[in-house]
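Trainee: What follows is each chain in one-letter form.
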Amino acid sequence: MPVRSTDPRVTAGVIALAVIALLIGGAFAGLVVEGARDPSGAASAFDPYLLRVVRFTLWQALLSTLLSVVPALFVARALSRHPRFFGRGFILQLFTVPLALPAIVAALGILALYGRAGYFAGILSQVSGQSWPGIYGLSGILVAHVFFNLPLSVRLFLEALGTVPADQWRLASQLGMGARPAFRLIEWPVLRAALPGVAGLVFMLCITSFTIVLTLGGGPAATTLEVAIYQALRFDFDPARAVTLTLLQIGLTFVVVLALMRLGANTVGDANLPVAPRRYLSAGAAETSLNALLIIAALLFVAGPMAATVASGLGADLGRLAGESAVRQATLTSAVLALLAALLSVALSLSLIMARRALALSRGIGARTLLEHATDTGAGFVLVVPPIVIGAGWFLLLRTVSDVFAIAPVMVVAVNAVMAMPFAIRAVRPAYDAASERHERLCAQLGISGWNRLRLVDWPSLRRPLATGFAFAMALSLGDLGVIALFGSDSVQTLPYLLLARMGSYRTADAAGLALLLGFVCLALVLAADWLGRGERT
Amino acid sequence: MTSARKAGAEKGAAVRLEQVSFSYGETSFVFDVEFAASKITAIMGPSGSGKSTLLNLVAGFETPRSGRVLIGGADVGAEPPSARPVSMVFQENNLFAHLSVERNVGLGRSPSLRLTAADHAAVAEALKRVGLAGKEQRLPRELSGGERQRVALARVLVRDRPVLLLDEPFASLGPALRDDMLDLVAGVHVERGMTVLFVTHQPEDARRIGQNMAFLDNGTVAATGVAADFFDRSGPEAFRRYLGAGPFGDGSRDVARKRT
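For the protein sequence lines, the chains are A and B, in the order given. Here the first sequence is numbered in my numbering, starting from 21 and rising by one per residue. Here the second sequence is numbered in my numbering, starting from 8 and rising by one per residue.
Think of the hints as simulated: they come from the structure by calculation, not from any bench. Glycine is no exception: its CB is placed at the ideal position from the N, C-alpha and C atoms. A portion of the hints provided could be inaccurate.
[Claimed, not checked] Label pairs and their in silico Cβ distance ranges: (1) Ala41(A) <-> Ser73(B): 36 to 42 Å; (2) Leu391(A) <-> Glu25(B): 30 to 36 Å; (3) Gly84(B) <-> Leu205(A): 55 to 61 Å; (4) Ala41(A) <-> Asp190(B): 58 to 64 Å; (5) Gly84(B) <-> Ala41(A): 55 to 61 Å; (6) Gly141(B) <-> Pro450(A): 35 to 41 Å; (7) Gln188(A) <-> Ser179(B): 29 to 35 Å; (8) Thr31(A) <-> Gly138(B): 54 to 60 Å.
Bound conformation, chain A alone (with noise of 0.2 Å):
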């Protein structure tokens, strides 16, 4: 269908791409600037210490890969196995709750189980037989990347599962195929199917995981890039260093992204729950009991921190907490911050959207051009930028020319908003796509276009899965812990910027108390989200 060059939904879309071209370029230009002005500085910078966190980022990854992964394939076959038992459908919400969940409250809920003065301590010190030293450095990080990374392996993992046609499964009952020959000829193929995609995604996670390692990593020796940029920025005030971390951060995602597509990853993960086809194998008693103490250790491994977080929390003197006037300030600050970078994001998303469509639309079969490549793809770009690179950039760059911590809520708004842009397009795309499919012609034929189209045929149809992009948005950015950790202060402060600072003064029944307030409302967030989103398809 012709459209014309001046179909405002590519103004819009090209508008979208050139404030996240402003965003990722502002903090590259940053990164030249100061690099340019001490290029020794920035190549002193390589120095034993560099490589050391180097290879810890990439090591710690790797190894949380293997353990989300692996044990995720066993898991999610069990589920799969046993498409009806009672609580099913409970676990497979419960493994959504730790995307929800913001990475400062669950590394509060792993220390309050795990941690030197944990539920747990007593139990761990009776066991190894000395005083339980606490989960920081390498094991902490690793638990919680597990805690975070298994549940969404899981999901992903019977997502591929579901794709097995029911007729393969009948066939297979009808061979009489027990379980070891129907898992290497029909649930293997799939699962290795996905396996890259999903261990790429997850390797991704964990390389450009700030919040994790820095609440949970112990010093020098368990220290990341992302991290050692904070340090850098905050701490050492070491300019030329941080330009040296963020450039080798950025070649690391670069690589790991380029070999991802490669692998034809998914690199958004999807919060949908998959549902359970029937299944015609029936399981021996031995492998039903296998797969219950399978389900049963998943189950208490993401469910104990999250048990933690409320019971630490209620632990918290929270009468005080509610009136005290930083609270107060932070929670106003997060949610009028959250509701702009969510509603900044849903704009951006839906440019990009509207304008994809319209271009294919107008180019009919032929080949697409690098603009519809750009509203394709555009929003990926905040994968090979991760938010702390993004705001390093930025704050190397308004130093010298303002004060930094004054644009702190510009920062935070424009970072957490392009980086939930990837989750809001996939809540929104389908269903404006659908509704294209359905109304374009019509649109044209009766002359229905720009605002007209926006508010009588658009907006009624895109309401539902909007809502859902901007939910789920909302309860990224509240519960970040990335620019704000850069760019903070006294005078602006979020909710887990505050949880930061409790946390590190050592009040730690304050920080318990306010990672239940955000833990909540992040969980109530998501939950909307999810059953906005599911309304839409039925």
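Given chain A's structure and the hints, the job is docking chain B onto it.
Mentor: Just chain B now, kept in the frame of chain A:
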């Protein structure tokens, strides 16, 4: 509203395609044909012969690679679909699912749905004409398939354009219902006298209301003429082959629900 509309609001306008070429992937089409003003022309042909493409070119949903599309003598090539003196009814998706019947029809008067008292009256009148009085506030999902197409026809009435394009709009309806709809189209045609181009797979449909016929084959117009002659023994050879054996050929096997 456009000048083309003023020129032909009362009567139909002739539709002419002059060496219009178009290609979609491997398939290419060349149309050179004129459809007489104020007549109902049934357009038939095998799947993929270009029937829908021809209508899309007239409506402006597709842009020809070369050639001219003339409606009432005026070249409409540069005009967007909404500015052409044309209304089109598709096989499905003629209505916005979230808007009431009344608002769906009202969109034919104003794309921003800012309707005057006269517009409201016209909408009510059109709905009455197609037999949907009393169902103004229903949503499309509360209507039957036939009723939904009646809403689309009501919108055609309030738009009042000199050319009406029907792209198998009744293909998914049962035989009795389809006949009712065809009679409704014929009745509206008598009142308004617009030019109707009507794509169908059913020879009965063409015989029932078609005055003229156009037969498409291999991406081009293979034959045109008066409908009665087409179904005669003297009808074009290719057309008779397409229909196959049977009363007027049992061509209805080819078909019924093509996805558009």
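Trainee: What hints, given by number in increasing order, does this structure fail?
Mentor: Numbers 5, 8 - these are the hints that the structure violates, sorted from lowest upward.
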